[in-house]
Amino acid sequence: MASSGGKDSSSPIDSNGRVGREHSNPEAISALYEDLFENDNSERPCYLPDSGQEDYSGDGDGVGDGDEDGNSPREIVQKGRGDSVVEEKGELNAANGASPEASATQMNNDSRESGSDVGTLPEDLDARSSTGNEDEIQEKDHEFNFRDRVRAESSSTERLVHLDGEMSSDRGLDGPPSPTSSQGGTSGYMAGSGSSSASTSSVSGVEIGTDQDTEGIGSRKEERGVWVPGKRHSQEDDSHPSWRRHKKHFFILSNAGKPIYSRYGDEHKLAGFSATLQAIMSFVENSGDTIHLVRAGDHQIIFLVRGPLYLVCISSTDEPFQVLKGQLELLHGQLLLILTKAVEKCFLKNSKFDMRPLLGGTDVVFSSLIHAFSWDPATFLSAYSCLPLPYVTRQAACGALQDMTDSGVLFALLMCGTKVISLVGPRKASLHPHDLLLLSNFILSSDSFRTSESFSPVCLPRYNATAFMYAYVQYLNKDTCLILLTGDPNDFFHLKECRAQIEIALRESDVLREVNNSISRGGLRIEDLPDSEDLVPPEGVSSREDRSSGDGASTSAFNSVPGAGGAAGLWHFIYRSTYLDQFVASEFSPPLNTRSAQKRLYRAFQKLHASMHDTEASGPHKMQYRRDENHVLLSWRNSDFELYAAFDPLAEKSSAIFVCNRICQWIRDVECEIFLLGATPFNW
Amino acid sequence: MSARKRTLLKVIILGDSGVGKTSLMNQYVNKKFSNQYKATIGADFLTKEVQVEDRLVTMQIWDTAGQERFQSLGVAFYRGADCCVLVYDVNVMKSFDNLENWREEFLIQASPSDQDNFPFVVLGNKVDVDGGNSRVVSEKKAKAWCSSKGNIPYFETSAKEDFNVDSAFQCIAKNALKNESDEEIYLPDTIDVAGVRPPKSSVCEC
Numbered sequence: 001m002a003s004s005g006g007k008d009s010s011s012p013i014d015s016n017g018r019v020g021r022e023h024s025n026p027e028a029i030s031a032l033y034e035d036l037f038e039n040d041n042s043e044r045p046c047y048l049p050d051s052g053q054e055d056y057s058g059d060g061d062g063v064g065d066g067d068e069d070g071n072s073p074r075e076i077v078q079k080g081r082g083d084s085v086v087e088e089k090g091e092l093n094a095a096n097g098a099s100p101e102a103s104a105t106q107m108n109n110d111s112r113e114s115g116s117d118v119g120t121l122p123e124d125l126d127a128r129s130s131t132g133n134e135d136e137i138q139e140k141d142h143e144f145n146f147r148d149r150v151r152a153e154s155s156s157t158e159r160l161v162h163l164d165g166e167m168s169s170d171r172g173l174d175g176p177p178s179p180t181s182s183q184g185g186t187s188g189y190m191a192g193s194g195s196s197s198a199s200t201s202s203v204s205g206v207e208i209g210t211d212q213d214t215e216g217i218g219s220r221k222e223e224r225g226v227w228v229p230g231k232r233h234s235q236e237d238d239s240h241p242s243w244r245r246h247k248k249h250f251f252i253l254s255n256a257g258k259p260i261y262s263r264y265g266d267e268h269k270l271a272g273f274s275a276t277l278q279a280i281m282s283f284v285e286n287s288g289d290t291i292h293l294v295r296a297g298d299h300q301i302i303f304l305v306r307g308p309l310y311l312v313c314i315s316s317t318d319e320p321f322q323v324l325k326g327q328l329e330l331l332h333g334q335l336l337l338i339l340t341k342a343v344e345k346c347f348l349k350n351s352k353f354d355m356r357p358l359l360g361g362t363d364v365v366f367s368s369l370i371h372a373f374s375w376d377p378a379t380f381l382s383a384y385s386c387l388p389l390p391y392v393t394r395q396a397a398c399g400a401l402q403d404m405t406d407s408g409v410l411f412a413l414l415m416c417g418t419k420v421i422s423l424v425g426p427r428k429a430s431l432h433p434h435d436l437l438l439l440s441n442f443i444l445s446s447d448s449f450r451t452s453e454s455f456s457p458v459c460l461p462r463y464n465a466t467a468f469m470y471a472y473v474q475y476l477n478k479d480t481c482l483i484l485l486t487g488d489p490n491d492f493f494h495l496k497e498c499r500a501q502i503e504i505a506l507r508e509s510d511v512l513r514e515v516n517n518s519i520s521r522g523g524l525r526i527e528d529l530p531d532s533e534d535l536v537p538p539e540g541v542s543s544r545e546d547r548s549s550g551d552g553a554s555t556s557a558f559n560s561v562p563g564a565g566g567a568a569g570l571w572h573f574i575y576r577s578t579y580l581d582q583f584v585a586s587e588f589s590p591p592l593n594t595r596s597a598q599k600r601l602y603r604a605f606q607k608l609h610a611s612m613h614d615t616e617a618s619g620p621h622k623m624q625y626r627r628d629e630n631h632v633l634l635s636w637r638n639s640d641f642e643l644y645a646a647f648d649p650l651a652e653k654s655s656a657i658f659v660c661n662r663i664c665q666w667i668r669d670v671e672c673e674i675f676l677l678g679a680t681p682f683n684w
Numbered sequence: 001m002s003a004r005k006r007t008l009l010k011v012i013i014l015g016d017s018g019v020g021k022t023s024l025m026n027q028y029v030n031k032k033f034s035n036q037y038k039a040t041i042g043a044d045f046l047t048k049e050v051q052v053e054d055r056l057v058t059m060q061i062w063d064t065a066g067q068e069r070f071q072s073l074g075v076a077f078y079r080g081a082d083c084c085v086l087v088y089d090v091n092v093m094k095s096f097d098n099l100e101n102w103r104e105e106f107l108i109q110a111s112p113s114d115q116d117n118f119p120f121v122v123l124g125n126k127v128d129v130d131g132g133n134s135r136v137v138s139e140k141k142a143k144a145w146c147s148s149k150g151n152i153p154y155f156e157t158s159a160k161e162d163f164n165v166d167s168a169f170q171c172i173a174k175n176a177l178k179n180e181s182d183e184e185i186y187l188p189d190t191i192d193v194a195g196v197r198p199p200k201s202s203v204c205e206c
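Heads up: the protein sequence lines correspond to chains B and Y, in order. Residues 1 to 684 (UniProt numbering) make up the first sequence, in order. Residues 1 to 206 (UniProt numbering) make up the second sequence, in order.
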């Protein structure tokens, strides 16, 4: 690990300081993009009145979403093109030298090109996730771009529109749509038939819905702030306008079209809708192909086939395709955690198989996972986070657990909420971060674990998706939960003894008290980012900035401005350690006070992460710098870590990069407290 | 999730084009009838909740297109069906003759586990037309065919007059439920700790 970042006074800062120049007039550029997208908008079928999206915020997803849609087109991306160059930056912390100069030049060249040559702009604009980019093809197999359809004409697919109408509103299209040309006859046919199926489904919905309308209105209103797991709007179906306005739907169905799970609404009442989904998916499947994505106006419909199970997400949240697909995979993983892959055999034996009874009472598990998609970075980082603890305390906790793994315990896990206190397992075996996420979600979302000593079959899909293991679960206090995993279904009493011993050891070593201390202390705060004497702002940065920023936008001072976050306008950061598969996120502090601001940032990080890892379009990237009207975002990825940082929108790039170096240094200084290190089972 | 167990039945309606499949379904679900003929494209889906004895049943009705060109939808549509409704027009001999084909096609495509006992129901529709004077398939003939195929229940219906539609669908639900296979206890394997662990990539994909 590079560790001498503190000494690195030159760092990439100055190299990038000048890069800001070309973007120092963001209005001009964003105006250009706006034009670009406005044109696009005019061609886009409007399925949903814009206001309709905003006025419905009954769930977590609704919060602050309304204003998000406008962001992406205006994002200006500064990509670290030329991997070699930026890679050098990653190493800068370790080795000073001439490299900054080299990268500085290169970066400037890049940016100059992008700044001056309008023709190259679309490359710099990261529109992958926005619906604006026409030429974008995310999945080779099938992407049905509805906007394309609008332009060409084909009366046979007209009814396809009804599918959209069904999801959003019944507004028609201006022109008859046509299938994407790239797929030739196949997709056209598919469109004609698959879509047709949808139309009467909506008709049916309307009719059926009439007797249910009153119930739908009466469905409980949920309080803002405290999120309670469980199904929302359970009486709705696809005929309710409110159902259609939910920003993010998740469905699980069988390949016979029988509904298994729906995030909103009653699965049985949505039988017609899930038949529609099945018809679309099966039809493509029949031709030996797989459907991945349909774009319909602001909506993305993402499909995932997992054996006999179909998973579908319908979202207008503007999250990148890869992110939503990852969420479907986690949803499938959650289902496996509850039932294992053995369910697939049930479908083989009997295609009529109705899975719903097997999932009885698990609505809370799914709804809380879906909630986590909007709040827990673990869901897209593929990493877990630890409760910050003094090194000796965590060692003591690991020691207490370690003693038990010799006696038949497969994994021993001490958790505080979603955060890991310690985790011990056999050598050479590891707990995948996703398994950890799904397991903790399963346990946290079910109240019954909280109140009693439990022994429950669980399956860790990444460890072994075909079989159950057994989880002994006991809360040691209000927040701290001990989980012992075993392969022996008769192990309960043995594990009970183990727990007693562990509990004694933990109390003797004061672990539980330290845990409580840590909870009240909270995590890393950006205000606490240490001022490092070693890290002085490079000479000349400000003068260069002055020169470059003709519009006077770069007014933020290097040091903390009251109310504007931490140093250099730092608002928030997430640091993910590559080797540990762990991440740490700073606590939300002002000005990120509101849930909508926090969620907006979360989505921005999600998008940034996706584009950093995008292997298909123009990525993966080593470094990105973006500015929009909400934040300056900076991400930096090398072989050791990934860093995502958000700054005040007026933050200077040079200072931002400088602060990022300080963050990395800080993390290194405290890593033995915020991460689970060393004597862990993670023998990669 | 309701405490009471609810059952979902997938019901497929098959038959020549123009015999009144969509009309029957519309009459049953929406209590509506239109004289205008509108060909179904692909398939339409309707849901209807019914009470069968003490059970609450959701019928997921797949109204398929009669035209041959849509038959390629086959497997995907028929998979996992709980009941199949064969419809013909009592005034059109050809539509009756084709019942055999529809039945066979369904059994091939859906390949239900118990072919002989898969629940079918046959509906002779449009008995109202011309006061029955234009009728060419007699009830006797239809019933004979049904009994030769393992006593398929037979109903004479009129979607237009709402004659026998409810009772036909009630029978469909009942038969589908009867055929419901006994649920086995769900018992997945337990992990073999001592044995070989599944190969696993040690580094997560990023």
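One or more of the hints may lead you astray.
Claimed, not checked - In silico DSSO-like cross-links for lysine-lysine, where the CA-CA straight-line distance does not exceed 30 Å: (1) B:K341 x Y:K5; (2) Y:K5 x B:K349; (3) B:K231 x Y:K5.
Unchecked claim - Not close to chain B: a few residues of chain Y, all C-beta gaps over 10 Å, as computed: (4) E49; (5) D116; (6) S167.
Stated by the list, open to error - Output of the computed footprint for chain B on chain Y, the stretches with three or more beta carbons under 8 Å from beta carbons of chain B: (7) 5–19; (8) 77–90.
Don't read these hints as lab results, they were simulated from the structure. Computed from a predicted structure; not experimentally measured. The C-beta atom is built at its ideal place from N, Cα and C for all residues, glycine as well.
Tested hints:
Simply put, K341 (chain B) and K5 (chain Y) have alpha-carbon atoms about 24 Å apart, close enough for the 30 Å limit, and the pair holds. Between the alpha carbons of K5 (chain Y) and K349 (chain B) the distance comes to roughly 22 Å, so the proposed pair stays at or under 30 Å and holds. Pair hint K231 (chain B) plus K5 (chain Y) holds up; C-alpha atoms about 18 Å apart against a cutoff of 30 Å. The non-interface label for E49 (chain Y) is inconsistent with chain B: the shortest C-beta to C-beta separation is roughly 7 Å, within 10 Å.
At roughly 16 Å, the least C-beta separation between D116 (chain Y) and chain B is larger than 10 Å, which holds for a residue marked as non-interface. Look at S167 (chain Y): its CB is around 20 Å from the nearest CB on chain B, clear of 10 Å, so calling it non-interface holds up. Here the stretch 5–19 of chain Y counts 5 residues with a CB under 8 Å from a CB of chain B, which clears the bar of 3, and the coverage holds. Counting residues of the stretch 77–90 of chain Y whose CB falls under 8 Å from any CB of chain B gives 5; the rule of at least 3 is met.
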